[in-house]
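Below are the chains, spelled out letter by letter.
Number of protein chains: 2
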Amino acid sequence: MRKYENFSEWFDDVLFNAEILDYRYPVKGFAVYKSWGWRIVREIVKMLEERLEASGHDPMLFPVVIPEESFAKEGEHIKGFQMEVFWITHAGDRKLARRMLLRPTSETAMYPLFSYWIRSHADLPLRVFQSVSVYRYETKATRPLLRMREFLWNEAHTAHKDWEDAERQVREAVKIYNDVFRRLGLGFLILKRPDFDKFAGAVYSLAFDAWNPDGRVNQIGTVHNLGENFAKAFDITYEDIDGSHRYVFQTCYGFGVSRTLAAVISQHGDDHGLVLPPEIAPVQVVVIPIPYKGVEKEVEAYSREVYERIKDAGIRVQIDENEKMQPGEKFYHWEMFGVPVRVEVGPKDLKERQVTLSERVNLKRSRVGIEEMIPAIRSLFVRITEDLAERSLKTLEEMVINTQNLEDLKSVIEKRRIGRVNWCEGLECAERIREGSGGEIRGHRFDVEEQPDGPCIACGGEAKRVVYVARAY
Amino acid sequence: MRKYENFSEWFDDVLFNAEILDYRYPVKGFAVYKSWGWRIVREIVKMLEERLEASGHDPMLFPVVIPEESFAKEGEHIKGFQMEVFWITHAGDRKLARRMLLRPTSETAMYPLFSYWIRSHADLPLRVFQSVSVYRYETKATRPLLRMREFLWNEAHTAHKDWEDAERQVREAVKIYNDVFRRLGLGFLILKRPDFDKFAGAVYSLAFDAWNPDGRVNQIGTVHNLGENFAKAFDITYEDIDGSHRYVFQTCYGFGVSRTLAAVISQHGDDHGLVLPPEIAPVQVVVIPIPYKGVEKEVEAYSREVYERIKDAGIRVQIDENEKMQPGEKFYHWEMFGVPVRVEVGPKDLKERQVTLSERVNLKRSRVGIEEMIPAIRSLFVRITEDLAERSLKTLEEMVINTQNLEDLKSVIEKRRIGRVNWCEGLECAERIREGSGGEIRGHRFDVEEQPDGPCIACGGEAKRVVYVARAY
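Chains as they are written, first to last, in my numbering: chain A, 1 to 473; chain B, 1001 to 1473.
Just chain A, same shape as in the assembly (with noise of 0.2 Å):
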């Protein structure tokens, strides 16, 4: 398995090794999230969670359907989504007076309520979220995590008095975002998106583009300021100090949680399998005996006590006593699985009241003594964690290219890289960057100020911005 020969094969085969993924469902884009796999997605929504919920966020869960009127409110809204929503008609033997679609995002689901339960001043800021699945008739290839029909995500909407409140939630929405991603040792940009391409409905859109093997950026995270925009639609208005009534300002932003376990799995993996972050990994620790003649015995009542120690300390850990295995197929094993630690307990280590730990990142080892291996184990999880992001940043800053003319951006992407250029902001340079290239403009950098230090790529004409091109999932 070769992770930048062949990237499709390798993830594909990755997928279905690691027990992530079981692509074989009956209908096109719908997949089986398999143990292992959804484990890793529970870590990851619950840290997620977590921080949201820290900064003042609500969980809930809103349904599934959304009424056709409701979904029609926005205008730009429904010309953005309505060629890929499914549509439900029937139920039963009986034709449905009013048809309902699956949410392809959850605006038209929550923004009625919200007008219910916004009254005054005192009511906002309103910060709700909820992780769940949504619904797109993607009409490009499918492809497993990447670009589904059915995927798994976590959507925040809020809501607030006026446009600096809103921004405000915007910024706070970026740090958490970005807090999380970090955690997880991923590379990406922060791009503000241009205005072509910002999400229906928004006044603006900033996105979380992760890089990936194949050059093909993926898009874990957006964060929307929508204006009034759907305040207006759905007149969510809001009684101020003064008695007067206005409408609320708005934003949504949107985790992608399988995208984001794609590029756990894609930016961290190698060709032994899956590499995971010890705080998301279901198993942090295998303890893994390695009998010998003779002392059989006490090698496993002494596995077992260096298991029993990790269990203790809070570790989510496991030991392999399957007989049937020998150790280095039980090593093969749990390095597909991407789990973190292995500690190895042999007759030396037993000897000597060590064990020795392997860490899969590097699958450099070490020995420790028995009474300080939790520590040594905790001081190997934050090293891990810090390798990863700065391999992964690394890769990131190997991968943006800067160029000067189209020819060169062409090979740049062909090359299956990102192209950093300058650019006029021009609709038809963007559409000639498109069509000499092959990469789209993927936005500004919000994070850094960047200056342009030459003319447009396309027309020679002043650049107003240094945007990213790349492919995109």
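Read the hints as simulated data drawn from the structure, not as lab findings.
C-beta: ideal position from N, C-alpha, C; glycine also.
Hints are supplied without guarantee of correctness; some may be wrong.
[Unchecked claim] Chain A stretches covered by chain B per the calculated footprint, using a threshold of three residues with CB under 8 Å from any CB of chain B:
| # | segment |
| --- | --- |
| 1 | 19-33 |
| 2 | 55-65 |
| 3 | 83-89 |
Starting from the known structure of chain A, arrange chain B on it as the hints suggest.
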């Protein structure tokens, strides 16, 4: 709000005022779980999932859509469900080549995959579960939580090498559900459903019927032995040790999360609002400072200390420092939300380094020194859970009335009770019981052997079973 005078109104009021559910969603039978309700749901699901995982079940997630041809494979199953499924027929502006349904339950979503996963006896038993929403187009009147068209549940599905192992799994499932329901303090009967009321496709069905203040029982869980029915329909076979190929034996069981929440609310709640078992309360303890002139700052600081101590003990605690509300209003507020323990901190408590503990279940108060506070709260939690269970079981016992003739049974049902009667197991008699009393035969007890002590209540012939008769949701 009078729970026993007008249950329906009381229940709706509690759902609204305690922010469990907002039923104003513009599609009938679909509702929004608000934050307090959703957080209780999460705790219930967590409690159940931990128990399932500890006994060898793997968490997974299967798609929400099922293709029609999978749905149609098991004859009895499709007969039982076809009138109540939602159909997806279009996507965007296209008609789909094959229509799909929203899962009403997931046998037909899961079992095509089971036939890939199960190859040999070494793959058995297979035990998986998912916590999801399911969709049923109820034609009877919908009711919040109790009968919705979208409801939350956890469904487990297992496959075994023979009938005996499936039977063992049925008993295990009953034990798991029984333990979880007991920990929630619920009162219920475990009944084997009569044949005419079993799950579509099952050999037999067991069910947990919880009592409800209005006398209609609430089915909160079911356990089915599926025999080889689905294995034959989905061709799920394994190679046995002797090389022969056999069909697997299957079981499935569903834990009604929405309905369990309904049972917790309606069994434990009172005229002040919710009463939550400590284990699932989003906030287990609320600290309320009682300020007093001259020592406001001191009470505030002492309340903070109390709060920090409870928090450090790992208890879910909140401090209510809202300066716009009087302590009495706060008591009222948190009673509505069912927080199990209130800690009042007033000037006398401050002076004596004590706190006043108030229990939601019986509104009893007691004082303890701050050093004894944490153990006192923990033992309150245990006692409250026991009290709730005891109270609920007592109500159930009082609700069940032995009856010997249809006239009496009718009066029992009208008085919102559960009738206990002798039955000959004849279908005609079942029909006469239903018509004569307004209640339905829910089945005979699974966990306790009960012998008829008289003739069949309907025909006067020999009775074979003692069965329970009630109206049901």
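Structure-based check of each hint:
{"no.": "1", "hint": "19-33", "result": "holds (count 9)"}
{"no.": "2", "hint": "55-65", "result": "holds (count 8)"}
{"no.": "3", "hint": "83-89", "result": "holds (count 7)"}
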